[in-house]
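Protein sequences, first through last, are from chains A and R. Quick note on the numbering used here: the first sequence kicks off at 1 and runs consecutively. Quick note on the numbering used here: the second sequence kicks off at 1 and runs consecutively.
Watch out, some of these pointers could steer you wrong.
[Unchecked claim] Mimicking SDA-like on lysine to any residue, the simulated pairs with C-alpha atoms at most 20 Å apart in a straight line are:
hint: 1; chain 1: A; residue 1: K96; chain 2: R; residue 2: Q179
hint: 2; chain 1: A; residue 1: K93; chain 2: R; residue 2: R113
hint: 3; chain 1: A; residue 1: K96; chain 2: R; residue 2: E74
hint: 4; chain 1: A; residue 1: K30; chain 2: R; residue 2: L174
hint: 5; chain 1: A; residue 1: K67; chain 2: R; residue 2: G171
hint: 6; chain 1: A; residue 1: K30; chain 2: R; residue 2: E74
hint: 7; chain 1: A; residue 1: K67; chain 2: A; residue 2: G18
hint: 8; chain 1: A; residue 1: K93; chain 2: R; residue 2: L174
hint: 9; chain 1: A; residue 1: K93; chain 2: R; residue 2: E96
hint: 10; chain 1: A; residue 1: K96; chain 2: R; residue 2: G171
hint: 11; chain 1: A; residue 1: K96; chain 2: A; residue 2: R86
hint: 12; chain 1: A; residue 1: K30; chain 2: R; residue 2: R113
hint: 13; chain 1: A; residue 1: K67; chain 2: A; residue 2: Y101
hint: 14; chain 1: A; residue 1: K93; chain 2: R; residue 2: Q179
hint: 15; chain 1: A; residue 1: K93; chain 2: R; residue 2: G118
hint: 16; chain 1: A; residue 1: K93; chain 2: R; residue 2: R178
hint: 17; chain 1: A; residue 1: K93; chain 2: R; residue 2: G171
hint: 18; chain 1: A; residue 1: K30; chain 2: A; residue 2: D71
hint: 19; chain 1: A; residue 1: K30; chain 2: R; residue 2: P95
hint: 20; chain 1: A; residue 1: K40; chain 2: A; residue 2: P110
hint: 21; chain 1: A; residue 1: K67; chain 2: A; residue 2: A50
It should be emphasised that the hints constitute simulated quantities derived from the structure, not laboratory data. Being a predicted model, the structure only gives us computed values, none of them experimental.
Residue strings, one per chain:
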Amino acid sequence: MQIAARHLDKITIFDISGDIDLATSPELRKALLRELRELKIPRVVLNLAAVRYIDSSGVASLVEGLKASRDVGSRFILFGLNRTIREVLQLSKLVKIFEIYENEEQSVAP
Amino acid sequence: MLVEALEWRGLQRRLASCRRRDSVYYLVGCCARKSASEDRSETKLGVQFLRPEESTHVSRGSLLLRMELRSNPEMLCVVRNALGQLAATLGFSEPECNAVVLAVDEALTNIIRHAYLGDAERPIEASFRRIHLPREGQGRDALEIVLEDRGVTVNPKKMCGRALEDVRPGGLGLHFIRQSMDTVEFSRRNGRNQLRLVKILHVHGPRKGS
């Protein structure tokens, strides 16, 4: 998994690629919590278009990010979910709790 | 096929009447083995005992792949890639391949986290077989996956996952496994945890040897 961060005004966009699993999810969790809990960025957006695989530990990291965003009053947004990622989120029954958009333009819109 | 619904004691008596230890019995969509240790975790309440000629078809499939790996999370992607190819070769659809890969990945994750408590140097054995299950009067081919570890004892009663309505990190792995596979069985034997997973092949794939 690779994570690259972009900063647009008060928005941080993480471009994530590869697999999010037990080996890589701690890195994602750390990046999300730093941006939300420490830096208190008002909007954190995850571009998941290049993610090939996500498991329960990856989903748990997303849930942690969501909870942290609620704690600090930020928005936590996902976009670019492919079929595989969407299936896993649906299987977890958590897909409805996330703010999900189709593309980056929608995700950063005011 | 003899169909019996037994409580634990009845099942214990029924198993005791069977001739061989470690015999294989076909259950309601799954298998159980007669336990030398009498471990209750290896039993089910709804049991379909096979006649001898039927039981020969169970768990005697051809070995497709066997892996011996360390409990290192870095190895998960290796297993996923190999298993994805294997499932596709057997004729599973793409969603079914994804389901099998997810289940095994989650099971290995559980072994690493819970049985080995994060130790990355402990052994895990994985075997993948094509088996033939008698089902509804007609045979069905299936992929049987057995994962074994030498970690701490897993208490099946505690392996219930969590309510999905409870939105919090963690606790999803077992839910994913159960949703993805047709059979999920935990057992403990000879100091090892064993997890047996079966995915039925609904569409005939390439035949053996093709």
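Exercise. Please flag the earlier hints that this structure goes against, numbers listed from lowest up.
Key: 2, 3, 4, 7, 15, 19 and 21
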